[in-house]
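Protein chains: 2
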Amino acid sequence: MEENKDNIQFQISEELIEKVENLIAAKNDKELRKLLSEFHYADIAEILEEVDIDQAIYVIKLLDSETTSDVLMELDEDDREKVLKNLSSKEIAEEIEELDTDDAADIIAELPEERQKRVISHIEDEEHKAEIQELLAYDEDSAGGYMAKELVKVYETWTVAGCLRRIRGQAEEVTRVHSIYVVNKQEKLIGRLSLKDLIVAKNDQKISDIYISSVDFVNVNDEIEDVAKIMQKYDLEAIPVVDDDQTLLGRITIDDVVDFIKEEAEKDYQLAAGITQTVDSEDSIIDLTKARLPWLFLGLIGGVGAAYIMGGFEDMLQKHAILFFFTPLIAAMAGNVGVQSSAIIVQGLANDDVKGSINNRLLKEMLLAALNGIILAFVLLLFVWAWEGHFNVALAISLSLVIVIIVAGIIGTFIPLFLDKRGIDPAIATGPFITTSNDIFGILIYFTIAKLILNI
Amino acid sequence: MEENKDNIQFQISEELIEKVENLIAAKNDKELRKLLSEFHYADIAEILEEVDIDQAIYVIKLLDSETTSDVLMELDEDDREKVLKNLSSKEIAEEIEELDTDDAADIIAELPEERQKRVISHIEDEEHKAEIQELLAYDEDSAGGYMAKELVKVYETWTVAGCLRRIRGQAEEVTRVHSIYVVNKQEKLIGRLSLKDLIVAKNDQKISDIYISSVDFVNVNDEIEDVAKIMQKYDLEAIPVVDDDQTLLGRITIDDVVDFIKEEAEKDYQLAAGITQTVDSEDSIIDLTKARLPWLFLGLIGGVGAAYIMGGFEDMLQKHAILFFFTPLIAAMAGNVGVQSSAIIVQGLANDDVKGSINNRLLKEMLLAALNGIILAFVLLLFVWAWEGHFNVALAISLSLVIVIIVAGIIGTFIPLFLDKRGIDPAIATGPFITTSNDIFGILIYFTIAKLILNI
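Sequence lines, in order, name chains S and L. Numbering (numbering that gives the first Met the number 0) for the first sequence: 0 to 455. Numbering (numbering that gives the first Met the number 0) for the second sequence: 0 to 455.
It is possible that some hints are incorrect.
Repeated chains share a single entry, so a pair holds when one copy, or any two copies, can fit it.
In silico DSBU-like pairs for lysine-lysine, Cα to Cα no more than 30 Å straight-line [unchecked claim]:
#: 1; residue 1: Lys363; residue 2: Lys152
#: 2; residue 1: Lys195; residue 2: Lys84
#: 3; residue 1: Lys89; residue 2: Lys232
#: 4; residue 1: Lys81; residue 2: Lys318
#: 5; residue 1: Lys89; residue 2: Lys29
#: 6; residue 1: Lys261; residue 2: Lys354
#: 7; residue 1: Lys420; residue 2: Lys18
#: 8; residue 1: Lys116; residue 2: Lys318
#: 9; residue 1: Lys33; residue 2: Lys195
#: 10; residue 1: Lys205; residue 2: Lys195
#: 11; residue 1: Lys81; residue 2: Lys232
#: 12; residue 1: Lys232; residue 2: Lys18
#: 13; residue 1: Lys29; residue 2: Lys201
#: 14; residue 1: Lys228; residue 2: Lys60
#: 15; residue 1: Lys228; residue 2: Lys261
#: 16; residue 1: Lys84; residue 2: Lys128
#: 17; residue 1: Lys420; residue 2: Lys26
#: 18; residue 1: Lys201; residue 2: Lys232
#: 19; residue 1: Lys205; residue 2: Lys18
#: 20; residue 1: Lys205; residue 2: Lys89
#: 21; residue 1: Lys89; residue 2: Lys318
#: 22; residue 1: Lys289; residue 2: Lys266
#: 23; residue 1: Lys363; residue 2: Lys29
Worth flagging that the hints you see were computed from the coordinates, not collected in a lab.
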């Protein structure tokens, strides 16, 4: 029996890291093994991310591969890459042997192509090897790329007693038994059964009499995004994967889908904030610059465009310099309204709840923007009038603001809808993209309308 | 045995909605019941969201409460509120009887206080009633607010055979058996067991000999955010909830945590886009205005502040009007850099991977911003020089840009870290908040530096 350990209380501390580092330095393998055996593999991964890479590799080589394979899976991709570089193909193959097929395929896919072949050639379990090779062939964003081959499968012709006996064998390989999948002689998925159903049933009953034929499944070529939506909608913890002939190929579990959902949310969030590739705060300055600079360049182009437009209205400087003082306000409002509109559309598209025609949607956004714009413009009108004393100038600025806000709302609504229709991820339309185009349009509209009103 | 239905293929269509509406209009209850019995409750909820509220209520009253209780849970909160308003307290209590305790408590919590009491008084199952009342007492963001009372529990003194017999009884109430929780005589959680372990064990073994004492659990007062992190980190599908004395109170399942993760991600995304409360694209113009206008007002104040600052530099208009043309660029760059920096920090804080001191973090951001700023400023320098021909003016604008970007990066990094230290959700620091403060600081710094360089 394992020792009772309250994982919840795990808090990584300077003392713990120091203790691990000292044990490594002293090559006190016995104590180190003992210390780390108390921790969950996810906690060991957290510790290894805090020590030097040489020390991490020392620990990986020290512990048995049953533990280290799980630790490897939990490491950041960057850290894992460094560790794998320092292991031989044979050592990696030993780790792979301990992993479920989906994790095994994910790790191998991260290796350079030449290395992949060498590692695979070292896998001794022929069935495991064949399954991993099958998984490597699927697109990484498809159901096939996320599924594992490990599952518990029974034939409709079996009895409950025979079933329980055989499941004892299969179940040892499978970490968690969510559902038992029922297949016919041709290996086609025809239903499911829960362990609970099996326990509740009588020993001599046939599976064909007790299985539930209502079973959710996905095709191996379905996109993981759609699989995630289905699993969320129907609150599934695992879903079987079949090919076009309904042959049972594997299963996808909710923990992998949770990771996918989190990654997607982070990617969309970063796109909205103007960061092109997934980075985290611990990444290098070079990586962070690569992720951030492209959007800033876009902003620079937008700003230069706005400056150029303002240059064209230079003749208004003499009499109405105040117009130029409000350009940051106009640009900011156009940007903010555009981002608000596009964010709501992008989220609605992701959740499949954008219904009705594009025209209705644009009309609604126009009314919404007009309402917001009029309220804001009224406040601005009073302020500018009080400040400058020229009612006409105040009116020109305020009226332009209303039009700018309406146009910004329409652009923010239209662009993501348009991209989505074209099959492009609408999330790229949020953030700097919308802000920049709205800056330019906003300034142009603002000066054009102000000029008309002030009759210059 | 149920009919084989491929839920994956469910696509809501105009025809289907029309068919349902026609059957309701014709009061053809038999056909309507038959048609809807083919769909999963999540699909029925989708259909009801598309028809009129009166029609939805008609369907809810028509179907048996075993189905409609699940349908109710799947409806949008707004739609559910409307339906519940049209049901009597007794009818709601009948739905509640069919639901797991956590869902039952969630629905009751949405009702006005007076109504809550009446509905509860109508619940006939005394145990169910007591459990729901217990759950209603917990904070909605705590583990207690998310847990369900339904679970499978065994005593360490039982044998495997006795256990299987008793589990058959308990398991019928529990939709899914993730883990079997092992308690001692005092009802204290001491370990766990999977159904698989039980099946693999011999019939006459004692639970105390086979259970696994390493069990993750959370305290009933823990925040759900922390529970979600633990379940993700350790890939758990359910986690038991205990009180301060380790007494087993309930369990939380991954599907509820998935919903929480999605909602949090959407909330953060909307905050970054300048939307104060969770809305979706189908909400009314008034609701959308309420969510969007506050941030726009903040932007208005920022813009007025920037205009006021520029008014203070009016004397530079004569000789260096071009400086004023670049204010939208300066404001945009300050805003973009600020949002990028704050987004990375907000995400890092959410994932617990912001390590090291605030000073190191600020230093890194300063270097990063300086690198980005110098590259961008160099491009701008060439452009302005080519356009205007005055190297000094170009230099003044470009140098100011570098300083503005560095300051923006520092503000974007510091504010979320500061809010987090103070226990305030750092996500509110993204979007318009950062943009607006950076607009004002940016314009002020820009003109001050430009004035110094151009020696006016």
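Looking back at the numbered hints, which does the structure fail to meet, lowest number first?
Hints 1, 2, 4, 8, 13, 17, 18, 19, 20, 21 and 23 are the ones this structure does not satisfy, whereas the remaining hints hold.
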